[in-house]
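Engineer: The primary structure of each chain is shown beneath.
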Amino acid sequence: MTALWSCSEEDLDSNSIFGPDASVKNEFDTWLLHNYTEPYNIDFKYRFEDKESNDDYNLAPADYNKAVALAKMTKYLWIESYEELLGPDFIRTYCPKVMHLVGSPAYNSQGSIVLGTAEGGLKITLYNVNAIDLNNIDIETLNYWYFKTMHHEFAHILHQTKNYSTDFNLISASNYQSSSWVNVTDQEALNMGFVSPYASSETQEDFVEIISIYVTHSAAYWNSLVGSASADGQEMINQKLALVKDYLTTTWGIDLDALRDIVQRRSQDVLTMDLTTLN
Amino acid sequence: MKKIYYSLLYLVAALTIVACTHEEEDLFDSSSAVRADEAIVADLSVLTGSENGWLMEYFPEANQAYGGYNVLLKFGTDGKVTVASELYGASQTATSLFSVKQSAGIVLSFNTYNTIFHLFSDPADPTGAGGNGYGLEGDYDFLILEATPEKVVLQGKKSGGLAVMTPMNSNWSEYLTAIQEADGAMTFSKYKLEMGGQEMPVSISYRTLTFTYEEDDNTVSKTGSFIVTQTGYKFYEPIVVNGKTIEGFVFDAANDLFTEANDGSIKLIPVIPPLNEQFVTGNWYIAYSQLGSFAQTYFAHCKQNFMDQEGEELIQAYMGSASYGSFGFNFISHASDGNYGGLLGYDYELIGEDQVSLVFNLTGEGNGVWYHNNMGFHFLLNPFGYSAPRVFTLTTDNPTSPTYITLTEDDNPNNSMTLFASQIDYPFRN
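Protein chains in written order, with our numbering: chain A, 2 to 280; chain B, 109 to 538.
Only chain A is shown next, with the shape it has when bound in the complex (with noise of 0.2 Å):
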């Protein structure tokens, strides 16, 4: 009886509700499948997305070819100095899963800007795309907006993972600034132990600072940087630099001399890199 007037299942639509946008592919789109979608499922986002960005910030999207620039570029100094590293899968399992561009920076009401974000793991944002001028290559610019932001923000996603040991918090405890870092200049920070004024914001950005300026920059820079610190500074820097190597050696395998001498001579490399053919 059951049987007789039970009613006929409808089926499913096979269209998902979440259609394609109407955006017509170009080749840059399809250098992305290859080079970021399909190895490392990284949705490289270079048209600006309303959704992926902060409402509260006024924002200007990327331009395509600084954009383009910048995919080529990032995968060469970031993405692949990991992978010559530690092998394929770490990069590939680690690494953030979207990437977003905006062309502006984003200004902060106490009159700083933000250099990027990373949510949790899954997404970095990268802001004054346009900055970038193609005419004139600098990598400590570059550095400074984008490389130095990629390898912080990666830490972050890399502690979030895998927590470091609380002991790092305690040699500066006393020194973080909160919000007011913005009024701290470069010697005020080295002096109280800290390698950059963001740095003495708070636990987790000072320890991912020392690891994103230790690999931008060569030996030399880092020892004069450290050395202009007061005597105080100095101690205070170095014991959490010897924190931050035994953990990334430890928790990771990641020998942070090793990443930074594969980061310099790339960096090097990306001077004379073709930052315009998609190939």
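Read the hints as simulated data drawn from the structure, not as lab findings. Note that the structure is a prediction, hence the values are computed from the model and not measured. Worth double-checking, as some hints may not be accurate.
In silico DSSO-like pairs for lysine-lysine, Cα to Cα no more than 30 Å straight-line [what the hints assert, rightly or not]:
1) B:K209 x A:K73
2) A:K124 x B:K188
3) A:K46 x B:K188
4) B:K266 x A:K26
5) A:K98 x B:K209
6) B:K209 x A:K26
7) B:K266 x A:K124
8) B:K182 x A:K46
9) B:K209 x A:K124
10) A:K26 x B:K182
11) B:K265 x A:K46
12) B:K265 x A:K124
13) A:K76 x B:K209
14) B:K265 x A:K26
Guided by the hints, dock chain B onto chain A, whose structure is given.
Structural biologist: Same frame as chain A, now just chain B:
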């Protein structure tokens, strides 16, 4: 008990039949996703369908605080959009990518950087309007509210403002040139409105007009944002001023005034202040080479005997009130440890329409007093009137919108100084 059991069974059976046969009719033939896709395709074909592109009347910012601008757009089937605007050279274009996608409605997204289009949303504030972090507060994403070959209505996702596009039927650069020329001819600094035998003052800020009048013993201000057309001003939406609806104004070049778009008896009349009033309300930059021999002697003396000795150089000097809110001689001086600015105050008296009497009033702002006492700046003040007033007659190139004003002292024709409306850096080098 058994009876109840059977009754229940029949009831369930009956309900089942009802449930099955009473299936709800679908309101739509296809799913929401399929319909959205169809809408995207339809909107896209409207956008790309206009052969010569579209004219967009674009009012950035949530309250249209900067008024509206003519923007031309051509959407290609290759996913690229080419843009021109009256704010750039008439034949200049910029090309970038666009998408039409679903995101809380069908959205047109200008999603890679376009120098011309994103001027309106660049937080670096290239126009110097809204400040760092704000700029003109325009949009990059627009909801498509309506799309037909005759008209596309867009709504800025962030600002909420409407941007209407109509097919562009004429040559792009000729159109923009005409707009730029019209804008030049129709730019004034002050107006009055004549309506029903009464007059009211009208002020302008960017492309907004503010009408001020009395209503039931209260002072009322109404502001309307307008866009410049080839024939006049057109408001974003009609505004009601003292009971009358105003949609826009048509410029009457022969009579140098505007009439309301629908009611010729309502007149918007540009007010050109007398030259001496323009002098004391503006900022007039000093260039050494444009000073008469009398003033050059004083300026050179101050430079050689004071500034050069201390290794300082003037970066700017102007007569006006922009820096401290009161009128006088303003300066910025470059010293080895930074730049120092200040004001030395002036009293003035307007005589007729083209004469002014000036005298130093012994006050200073910022570093004014220090430079007066220690850097010999009293020499710089002397030609303008130091311990006694000097009376000047003013002349200019264009009384409507002067690019310079020449001050000639009535009692001393050697004391003649030409000051400029646009900023001059390093007065002693120019």
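Engineer: Now, for every hint given, state plainly whether the structure supports it.
Structural biologist: Structure-based check of each hint:
A threshold of 30 Å between alpha carbons decides the hint, and for K209 (chain B) with K73 (chain A) the separation of about 27 Å falls inside it, so the pair holds. Straight-line distance between C-alpha atoms of K124 (chain A) and K188 (chain B) comes to about 27 Å, which keeps the hinted pair within the 30 Å bound. Between K46 (chain A) and K188 (chain B) the CA atoms are separated by roughly 17 Å; this keeps the pair inside 30 Å, and the hint holds. For the given pair, K266 (chain B) sits about 26 Å from K26 (chain A) by alpha-carbon distance, which is consistent with the 30 Å threshold.
For the given pair, K98 (chain A) sits about 22 Å from K209 (chain B) by alpha-carbon distance, which is consistent with the 30 Å threshold. At roughly 13 Å between alpha-carbon atoms, K209 (chain B) and K26 (chain A) fall within 30 Å of each other, so this suggested pair holds. Between K266 (chain B) and K124 (chain A) the alpha-carbon distance is near 23 Å, which keeps this suggested pair within the 30 Å criterion. Note on K182 (chain B) and K46 (chain A): the hinted pairing holds, with a Cα-Cα distance of about 24 Å set against a maximum of 30 Å.
Of the pairs offered as hints, the one joining K209 (chain B) and K124 (chain A) holds, with about 22 Å between alpha carbons and a cut-off of 30 Å not exceeded. About 18 Å separates the Cα atoms of K26 (chain A) and K182 (chain B), which keeps this hinted pair within 30 Å; it holds. Note on K265 (chain B) and K46 (chain A): the hinted pairing holds, with a Cα-Cα distance of about 20 Å set against a maximum of 30 Å. Proposed proximity of K265 (chain B) and K124 (chain A) is supported: the alpha carbons are some 24 Å apart, at most 30 Å.
Proximity of K76 (chain A) to K209 (chain B) is assessed by CA-CA distance (about 28 Å); at most 30 Å being required, the pair is judged to hold. The suggested pairing of K265 (chain B) with K26 (chain A) holds, with an alpha-carbon distance near 24 Å, which does not exceed 30 Å.
In the structure shown, no violation is registered for any of the earlier numbered hints.
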